[in-house]
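Listed here are the chains, written in short residue letters.
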Amino acid sequence: MHLRSHIARASAFALFGLMGISGLAAPSQTDAMLDDGEPLVFFPGPLMRLGSTAVPGDSRPDQQARFGWEVGGPPIPGGDGWWALVCEQRCALYRTRLTVRAGQLRLRGGQEVATQILQWSPLPRGLDQPAQPSSDHLAISPTHEKPILLGLFRAAPGAHAPTFKPGPVPTLAHWNSPEAEGFAVTGQIRIRIPSGKAQDAWLVPQTKSPPADSGGPAYIDGSDSIDALELRASGKRQRLSGFAFDSSKGFPNGDEILLWAGDLDGDGKLDLIVNHSLLDVDVALYLSSAAPPGKLVGLAGSMRYRRAEVTEP
Amino acid sequence: MTLFARGLAAAAMAMSAFVQAQTIELGPPADTPLPIDSLSQLPYRRTFAAPVASGPAETLTFERDGSQARVWRLDWRHNLASPVVLNGLVLQEEVRYSAAVTSAGLWLVGPQIVLIRPSGERMVAPFDGNEPTVVALKNGDVFVLGRNMHNASDSLRRLIALPDRIEIKNLASPTDAPTRDGKSARARYGVAATQLVDGTVLLAGGSADETYASVVDPMSGAVRPAAAMPHRRTWAALLRLPDGRVLAAGNEHLRCYDEGARTVDIYDPKQNAWTALPSLPFPLCADAYGATGPSAALMPDGTAVLGGHLERHILALRPDASSPTGYATRWEIADRLARQRISGVLQAISNTEVVVAGGVHVDSSDRCCSGTPGADRVMLPRAAGTQDNFGSFGLPLQDAAVARRGRWVFVASGRIFSSTGFGQMRYSSLAEMIDLSTGTVKQLPPLPFVSGGAQALWLDDERVLVKGMVPVNRTKFTWHSLDADLAPSSGATAIYDLRKQRWSTPLAIDVLNDTQLIGASGDDAWFANPSGHPYRLSLSDGKAESANGATTRHINQAVRRLADGRIVFSGGTQLRLQTISAIDDACMDQDDVQDCPERLVGWGPEQQTSRYETYTPQSGLARVVWSLSVPGLESTLVDEKHPTPDEVRYTAIDHQGRVIRLVATADAKFMLERSSPDGQSWKELPLPPGHTCDKSCKPLLISDPRQPSQELLFLREGNLENDWSIDTDGVTSINKRKRATRTEPVKPAEPPSVFRVWWFDEVSSHWYPVLQASLDDLRRKVLALAPPLSSPISVVQSLGWHLQEPVIWIGSNPRQP
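Chain order of the listed sequences is A and B.
The letter at position 162 of the first sequence is residue 162 when you use the working numbering, and the numbering goes up by one with no holes.
The letter at position 46 of the second sequence is residue 359 when you use the working numbering, and the numbering goes up by one with no holes.
Treat the hints as calculated values from the structure; they're not laboratory data.
Note that beta-carbon positions come from the ideal geometry of N, C-alpha and C, so glycine has one too.
All clues stand as given, with none of them false.
Taking CB as the label site, the calculated pair distances span:
no.	chain 1	residue 1	chain 2	residue 2	range
1	B	P990	A	S234	53 to 63 Å
2	A	R125	B	D905	40 to 50 Å
3	A	K197	B	D908	16 to 26 Å
4	B	D904	A	P77	28 to 38 Å
5	B	D904	A	E112	34 to 44 Å
6	A	K208	B	S853	31 to 41 Å
7	B	V408	A	Q104	51 to 61 Å
Take a look, some chain B residues computed to stay more than 10 Å from chain A by CB distance:
no.	residue
8	P342
9	S432
10	N461
11	D511
12	G512
13	R643
14	D798
15	E1034
16	D1090
17	V1108
Excised from the complex, chain A in its bound form (with noise of 0.2 Å):
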């Protein structure tokens, strides 16, 4: 399934998120969530058409079709100290501020819950502007003209987070590049991260093992499956986490998985966001900064969605 597509379908079926975003935490425990967690409070881009009423105060109708997030989970504060990655042919970090307003959603099954909507302004080419009606999504297809959100982050409270700074950033590959590629009919599954150096960068996905000495396929049953990403760069091999994907009818595109490569702190060494899962959200900011020690990047921020069915409207 890709995602753009499975993006738009939960959209339409106005589903509801269980959230965990790492680096935060309710404020009774604060502290011991910032001693393990992310230096980055991280929401990926496209975001969620909000069904919901206008900021309160605001009468004016057009303003029922903001985009945003509407999650469940810890409070997330709002205000200042937000950043926006937007990219159209080049990418730019631009200053932003989140706007958090409660709601409630009622369940399939009659369960009301509480709800957080998130509303990020200003954000730029008016990607805070109201869409047009027709629209489930800020940007579900590749346009390679319109701008489009890649994320949005802050600094953790408490956590000691690179500085960035407003403007252009450097960026090798993102997922609404017409120079983003997909995979040959042949040959070795893995995603190109064009480095503009000697040697390429690569995203490779990994399968569990199969028996020794099959010499076929890893499995022929259907049960194809990605079990694990790895970052191949200047040499050096690291292993990122679990990857969500089932099919034995191919695989996603490069830009299903990796949304956005480049330099975001600033270190002149790789950054990414990448995918990992096209059934739920699950996308995760690894920054070279954010690096242990021997490590090509470390996880800064990440977001996990797990929709949920609500009744109908």
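Given the structure of chain A, go ahead and fit chain B onto it with the hints provided.
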């Protein structure tokens, strides 16, 4: 006569005298007696109790027709079934009785207790049972465990026939029943029971603790734990042997595929210990909707007989005084019931005859299960382990290893699947030798490993090499077999020595595990793995080596080793075009992967190829020919993004190295074509006149019995390769399996569809219809091929049209086993 043999004879005589004493007057016949066979051929009967033996040659079956209870007395001496109506019996929906015969008469224990004394006097007492487990005691009483068969109960009761009434004596309560490891020793679901020589009762198995055994004194209710059974059993078949030991067989509930289902153990009450008897050649499984467990009987000569399971055959183990166990070293398959009788009740009625009464069966609509009326009589063969008239158990099975050499056909392994409300896959380890000249089938020592399928090849006049087949994954053997729970299967090899009448020690070599056997010469046997890579096995030292020189990878390819030593791979193969990095096992949980070895494995969509490849092991030379008759077939991806315009359905390679393929074309038509011997060119063959073929068509190559160096080309209809096309009642159907209750009426059986076989005359390039039969007959019967293959003086017989190479030979007149 040994002490053991004397014991057998004495005990058999004692048992005979005990049963002969019971002549129970049930009442006047309600109707004219029928031949037992006529009753048994009726499609379906509802029953209110399982059958019971009421005399040395008499069986009672219990039928319910609406509110009327009818007992059929089956008189085996005269082959007559006489109905007697039992008036006044309480009959309720979903409530049944347990029947027992003691010196006091016929007991029916259910919602009431009915005792019919031998004189015909009837006594009735209220009761709370629903087919509880009962044991007929030697003193005339009946021991009752719990209230019903399906729920754990807290009561042990004894029914006593007093002159004027029935006394129900409560023997145990929840508080006084002993326990082991906190588990109840009381009656439980699926417990089996039988009375021991000393009058106590052995309880064995059941769902609370399937290995638990205990001994109960039915007089006092005192319970003491016995040695645990070595294997888990529910509804075990228990058989008290003449020397006082008890045989136990049967599987754990719903686990026909477990190894335990093939095991048989003996309990010795004197030693309070279990020992093993030889394992069965296939699982003794009676799991079916509406069934309980298998059954056992003792022949007068001490032969133990098992049956009442999914298979229609019975199994026999003859006594052998020279054996430490007192029994022979292997079980025999004997005869075949006319109908499936799952949980049917076994009874020996003469020195060589066994009847199986009642039970349930999968009906002709594939519904499970309906009550099977009457009973079937089967004979133990006079010569141990020998069947006449082509009565092979193994040959009709799926993927049985079958190899012919002259008049001899060797058979081993194979699997059978059927649905009895839930799917049941069983494996056979039976080995047989069929003499085509006489139709005699002789059982051989069983294959020394269990496999769901195998291949066989004669190495010379005295040795047969067998290679086990392993499933391609956890649920199937091939792409057209059914998803089902599979028993552990072995890809080992073993050699049977006809002169020594024994198997070699199985050889399990990792690289050969998933290979197929493709030929042998001298000391070498040749195999090909699923990717088409050949291996050579030295038969003298048991070492296997990769045959370097074979070229590109094939998957599910057709492969054949020709007489000149060349190995030909071709057709219908599938190949993955992508590779993916495989995580090395040692690096699975490792954080530092810097030095982990890199290995690429196949991935993603599979591509059909039309590669024709030959490999000559002697020279190490390999040659690949890409020659395509169907445009675009080579580069077609089999996935939803690239729908397949053409699909190779079957590929076979003839003795000249020519490839015959059946291709399903994009416009839903079928095309048959054959390559030149070098694979350079293809020629389309006609299809039989007026026949357009379908997915079930299959080209088959069979050695010409008139000229063994030549081959005949046939085209066969029917999905005989599907696991679900075979079941134990001989019903072949691809209908959806439905679960039905025993209360549902059964529709009349529809006549089976017939399928055709054509032979291709190379001289005239014309197809001749030579056979027409049902799927079941194509699988198991000897069928004569029509002219022009046969003539009045030379009839070509055939057997096993489900096999990769059916067996055909020059015979006499057609014989129908």
